[in-house]
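Please put together the full structure from these sequences, using the hints given.
For the sequence shown, position 80 matches number 80 in full-length UniProt numbering, and the numbering has no gaps at all.
Hints in this document: simulated from the structure, not taken from any laboratory.
The model shown is predicted, which means the values in this text are computed figures rather than measured ones.
Do not take every clue at face value.
As the list claims (entries may be wrong) - List of simulated lysine-lysine pairs, BS3-like, C-alpha gap at most 30 Å:
{"hint": "1", "residue 1": "Lys163", "residue 2": "Lys216"}
{"hint": "2", "residue 1": "Lys163", "residue 2": "Lys283"}
{"hint": "3", "residue 1": "Lys280", "residue 2": "Lys60"}
{"hint": "4", "residue 1": "Lys283", "residue 2": "Lys216"}
{"hint": "5", "residue 1": "Lys291", "residue 2": "Lys163"}
{"hint": "6", "residue 1": "Lys280", "residue 2": "Lys216"}
Unchecked claim - Distance windows between CB atoms, simulated:
{"hint": "7", "residue 1": "Thr275", "residue 2": "Leu119", "range": "19 to 25 Å"}
{"hint": "8", "residue 1": "Phe160", "residue 2": "Trp56", "range": "41 to 47 Å"}
{"hint": "9", "residue 1": "Phe55", "residue 2": "Leu152", "range": "41 to 47 Å"}
{"hint": "10", "residue 1": "Phe160", "residue 2": "Gly218", "range": "19 to 25 Å"}
{"hint": "11", "residue 1": "Trp94", "residue 2": "Gly134", "range": "39 to 45 Å"}
{"hint": "12", "residue 1": "Trp94", "residue 2": "Phe55", "range": "48 to 54 Å"}
The beta-carbon is built from N, C-alpha and C at its ideal position, and this holds for glycine as well.
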Amino acid sequence: MTCPEDEKAVLELQVRVEEDEIEKGLFVKLSEGLENGQESEQDKEEREEIGSSPFWFWVKLALLLVFLAALAVVGFKWIGPLIMDKELIPIIKWEIRTFTHPVCGLLVFASVAIFPTILLPSTPSMWIAGMTFGYGYGFLLIISAVAVGVSLPYFIGHLFRHKIQGWLERYPGQAVVLRAAGEGNWFHQFRAVTLIRVSPFPYILYNYCSVATRVKYGPYITGSLLGMVPEVFVAIYTGNLVKTLAEASSAEKHGLSVTQVILNILGFLVTVATTILITKYAKRQLETMRKEEEALLQ
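In structure tokens form, the structure reads like this:
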């Protein structure tokens, strides 16, 4: 016969074994859940790395260029001549009859220099400069007007610095890079301003926001002029392309030859690809600056 004490010991032993099994089961399930979660996170990171890999970027860029090439062919063959005959050719002829080259240059300079101050786009004026003056004189005219156009808001913005700083405080995430542009030495500010100008950040808004970030005028003006070069070149190229198409669609011309069409399409694609690559590089560098600035603030 077993004594009550032995039965009690057996029962306690069974309870302990059952508790150990339950704990082990819970631990196994929990560990499996954590492993599955880690695997899902790893899979997500791997998918993100694959999506952002250089190979897939070039594939997407190639597909975009093919699509743009198809649009360019359609535009050159059907849409372009219709728009030229109805809209652009009459405007160009009116401009030639109404304004001399000096007057047209003065109007272009004034619009590019003043429009950003009153928050109006000046890109159409850059197109006119490209159509009228070409790459050489057109670039000199636009870049000199841009120097005035970015300087006026910089000095006027000092009157509203506190209001602009309050506006930036409402959007701390977007303002991190802008604030970083006002820190560091001369070269750091110059580099940051150049990248901001090349990036898709609104050109007109930064003219005033720069004042609130305490960036100095020297790196601000030099970085702005360098960063605006791609946009100025694209605007001049667009103006020249419009002029070429308008001349080809006029009654005096018999259209573009096959070689001219191919060269214009290739030039258009190279311009678009270069702009995309420069913009992507600027965005990547600004993202690096943003992370560095957030790390310093923590």
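Hints, verified against the model:
no.	hint	result
1	Lys163 / Lys216	holds (19 Å)
2	Lys163 / Lys283	holds (27 Å)
3	Lys280 / Lys60	holds (13 Å)
4	Lys283 / Lys216	holds (22 Å)
5	Lys291 / Lys163	holds (26 Å)
6	Lys280 / Lys216	holds (26 Å)
7	Thr275 / Leu119: 19 to 25 Å	holds (24 Å)
8	Phe160 / Trp56: 41 to 47 Å	holds (44 Å)
9	Phe55 / Leu152: 41 to 47 Å	holds (45 Å)
10	Phe160 / Gly218: 19 to 25 Å	holds (22 Å)
11	Trp94 / Gly134: 39 to 45 Å	violated (20 Å)
12	Trp94 / Phe55: 48 to 54 Å	holds (50 Å)
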